[in-house]
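Colleague: For this one, chain A is given, so just place chain B on it according to the hints.
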Amino acid sequence: MIWDLHCHLSGVDGKTPEERMGQLIAIADRMGIERLCVYMGMPWSLDPSPETLRKENDQVLQAIGKFPKRTFGFVYLNPKHIEASLAELDRCVARGPMVGVKLWVAQHCSVPELDPIIKRAAELKAVIFQHTWFNATGNKPGESTPLDIVELARRHPTVPLICGHTGGDWELGIRAIRGQKNLYADLAGSEPVAGYTEMAVRELGAERVSYGSDAGGRSFSSQLAKVFGANIPESAKKLILGENLKRLMMPILKAKGIKA
Amino acid sequence: MNQPNAVAASFRLGGPTTALARLNRREFIAATAAVAVASSITTDAAETKSPALIDTNVSLSRWPFRRCPLDDTPSLVAKLRGHNVTQAWAGTFDALLHKDLSSANARLADECRRHGKGILVPIGALNPTLPNWEEDLRRCAEQHKMPGVRLHPNFHGYKLDDPLFERALVAATERRLLVQISLGEEDDRTQSALAKAPSADAAPLAAILKQFPKARVQVLNAFRTLRGKPVLDLAAVGARFEIATLEIVAGVGELLKQIPPDRLCFGSHAPFYYFESAKLKLQESDLTPAQLAALSHDNARKLLTV
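Sequence lines, in order, name chains A and B. Each residue of the first sequence is one higher than the last, beginning at 1 in the numbering used here. Each residue of the second sequence is one higher than the last, beginning at 1 in the numbering used here.
If we strip away everything but chain A, and leave its shape as in the complex, we get (with noise of 0.2 Å):
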């Protein structure tokens, strides 16, 4: 079983949302991919407004309604808006198809502005996700590290968190997260730099890793590598290929009635 934590709806073909999603399935349909988890629409906003927000989230409703045995959505939120994000995870999680929740870089984590949006989140059982990176080239304005999500992790410690990317700088992120016991560990949008996913493994057992790969601008290849590539047990993989994003998910599926 294979559940992709992490995609998008760039990087393929399509007029429509309904369209590039049915091209992404076509080709994980090759890798033997069976779910995906799809969020942000078309074109990227870094720093949304409610309006954009709507928009985005509309154009993923519209992507995984045409799919909706393949694909689960998680609605795009920024922290800078806090009324128009609370209203948007009820509009497409609470009253809506979508199961999580995803955050990127309008706003670091780190800040109390994001708890409402965390406790409204766990109360629906939505799993969380946080783009993370510590870029050596140097972060964007709102972009948060692995630390940042560390703090936020640890205002809530009984919800779990997805530490998007695992800081890309992996050596680093793996370091950051590993005593925060509700961070789980994204491998998605990185380079197939082989002792990733050992180290992710040995640092913060396999239960805390999950396979993405941030199609459709990365491959799905280049991600599943990381996992099928690393020198671990067969178990572990399963594990990460899609088990724990599964455990993770249960809670709102069965509210939601979703079978899985």
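No lab work stands behind these hints: they were computed from the structure. The beta-carbon is built from N, C-alpha and C at its ideal position, and this holds for glycine as well. Don't take each hint at face value.
[Claimed, not checked] Distance condition first, Cα-Cα at most 27 Å in a straight line; then the derived DSS-like pairs of lysine-lysine: (1) Lys15(A) with Lys229(B); (2) Lys196(B) with Lys140(A); (3) Lys257(B) with Lys15(A); (4) Lys256(A) with Lys69(A).
[As the list claims (entries may be wrong)] Simulated restraints on C-beta separations: (5) Lys119(A) with Gln258(B): 42 to 52 Å; (6) Lys196(B) with Pro141(A): 13 to 23 Å; (7) Lys238(A) with Asn132(B): 49 to 59 Å; (8) Met1(A) with Arg67(B): 24 to 34 Å; (9) Lys181(A) with Arg176(B): 57 to 67 Å.
Modeller: Below, chain B without anything else, positioned relative to chain A:
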């Protein structure tokens, strides 16, 4: 989201897949089956059934900034053989920071002889900023019988419009050697603060190659930074590439819609990258048997034997 590679927009043309291509894909998946079914996640079983591969981009010795899982030659060779790699063109990580390239190349040649007979082909390092680099070139060609040399302009601190590069290219070409130019080994965003080596700018290369049509040049690790028209320009003047850093979904197939079919070779950038990344890319794109054969081995074989 974090996708520095924008090859997507410039290479993706779309269009229908042919029935032939679909059939070939099925055949290929049946042959490789590394991840073809979700219930089967073991790669080992199918490895020996995969097509014969010539890997044009591997390195021996140790990456200077961490231990790579396969950075001892016997382990790397075992991995390559397990995936039906019949030949691998090996440079050396020692070349990145060492000044004594003469000994680095001698060790590379010896390591290939002792551990990689029949599979590892040594590609010596050449640094044209070093005094008397011409002697390194001579030893690569005459003493070690290497069929090519590998340049690392980013680590060695010169640009491709530097006259030193042109002199090295001409000298290697006079000796009928393949010239591999690695634009960069690592994502700029994850480099050590003490040793930043931003990817080399390939912009001047097409014009230079136009002046020297007999030069045989392969650009390694190109697609992290090289995209769009510069790739097409380089392909038009005969440059070859390999797929290690090629991203976007189904990127190989998309790129082959844009450049002549003989320009792209298989390359893994192992052991820095997981070898499986390059191999799975052959499955991710809907390739015809001719494309697959060209990419897997034919293009590389021709490049080395011209």
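Colleague: All hints are to be evaluated individually against the structure, with a verdict given for each.
Modeller: Hint check results:
no.	hint	verdict
1	Lys15(A) with Lys229(B)	23 Å, holds
2	Lys196(B) with Lys140(A)	19 Å, holds
3	Lys257(B) with Lys15(A)	20 Å, holds
4	Lys256(A) with Lys69(A)	14 Å, holds
5	Lys119(A) with Gln258(B): 42 to 52 Å	49 Å, holds
6	Lys196(B) with Pro141(A): 13 to 23 Å	22 Å, holds
7	Lys238(A) with Asn132(B): 49 to 59 Å	55 Å, holds
8	Met1(A) with Arg67(B): 24 to 34 Å	32 Å, holds
9	Lys181(A) with Arg176(B): 57 to 67 Å	60 Å, holds
Violated hints are absent here; each numbered hint is respected by the structure.
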